Amino acid sequence: MNPYPEPEAFGDLYESLSEILITADQIQARVAEMGAAISRDYEGCHPILVGILKGVFPFMADLIRTITIPLDVDFMAISSYSPSAREHGVVRMQKDLEEPINGRHVLFIEDVVDTGLTLNYVLRHLQNRGPATLKVCTMFDKSSRRLIRIPVHYKGFDLPDRFVVGYGLDYREMYRNLPFVGLLKAEVFQPGKKA
Amino acid sequence: MTSDNSYPVFSHPIEAEFARILDYYGVHWEYEPRSFPLEWDDKGNVAIAFTPDFYLPDQDLYIELTTLRPKLVTKKNRKLRRMNELYPEINIQLWKRSDLRALMLRFGIDDEAARIIGTEAQTEE
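Residue numbers (the numbering used here), protein chains in the order written: chain A, 18 to 212; chain B, 38 to 162.
Because the hints were derived from the structure by calculation, they are not lab data. Note that the structure is predicted; figures quoted are calculated from it, not measured. Each statement offered as a hint is correct.
Where chain B lies over chain A, by a calculated footprint (3+ residues, C-beta under 8 Å): (1) 88-99; (2) 106-112; (3) 137-143; (4) 151-165.
So the derived label-pair ranges between C-beta atoms look like this: (5) B:D97 <-> A:S161: 16 to 22 Å; (6) B:I127 <-> A:D175: 23 to 29 Å; (7) A:A94 <-> B:P94: 25 to 31 Å; (8) B:N114 <-> A:M18: 46 to 52 Å.
For glycine and all other residues, C-beta sits at the position ideal for the given N, C-alpha and C.
Please model the entire structure based on the sequences and the hints provided.
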């Protein structure tokens with residue numbers, strides 16, 4: 018039983034979807050399983066969970082409430098590639114970690130791993146800070162377009178190579194608040210295309 | 038990025054954008070570094086070869102980009118199948134038009150995404 022409104026209650030956001038791929042109940046059940054596994058694996062380690070804003074925050078919030086061992090949480094923000102960001106040439110750190118991670122057991126939390134470009138950049142960055150261990154936990158995995166091989170230690174769901182939104186995944190900053198994951202209708206991101 | 042930090046002459050604008058994305062995230066790449074012979078004539082000369090667009094040395098991965106509409110990709114798919122037969126040890130990814138469009142949309146590069154979509158192409162998918 019999840020505490021969220023029914024999908025239809027999300028109105029236009031829901032109407033923009035052609036299909037719900039993963040329900041809120043399925044997500045919450047899987048998050049609980051992942052939290053239990055992390056609690057077992059990191060017993061006595063006092064891990065620090067690190068996420069990149071913004072997409073990860075719903076997953077991070079749900080996940081940490083299913084982990085039963087002491088932990089710390091920290092966030093980073095980096096500039097994504099964009100028409101304006103590309104003028105700078107390289108990724109810029111917009112918000113760095115507030116806690117040192119050298120010697121710590123770091124679990125990097127992602128909403129989705131697709132090409133691996135961002136994750137690869139961040140993991141290199143974190144590895145240079147000397148953590149005791151550095152592992153990856155992602156809610157969603159779109160492996161079909163993976164450019165950079167990255168070991169994923171905890172994974173929630175595989176996603177198809179389609180335009181999906183919800184549970185932190187956005188299109189133009191919208192849809193992150195959906196507690197489920199759905200396929201975005203083509204006419205939303207391809208103006209002019211008929212349904 | 039190339040070893041001397043200069044860009045080669047790309048044959049398509051999408052290749053330049055792809056290279057900028059790789060550079061942005063610090064991924065080393067080479068442009069068309071190798072051709073793979075696929076067919077030979079009676080005298081043993083290479084008749085058909087395939088030259089993937091990019092090579093990522095750290096990943097040992099070749100990448101071919103295409104903005105062709107799906108029904109026009111047949112020839113390229115045939116070459117890739119032949120590649121897999123002759124060079125099974127080579128890792129290669131074909132990034133189709135829809136993949137590239139999704140990548141451009143993800144990064145908010147609407148002009149490039151629109152160029153990939155094209156008016157006529159919208160009726161083909």
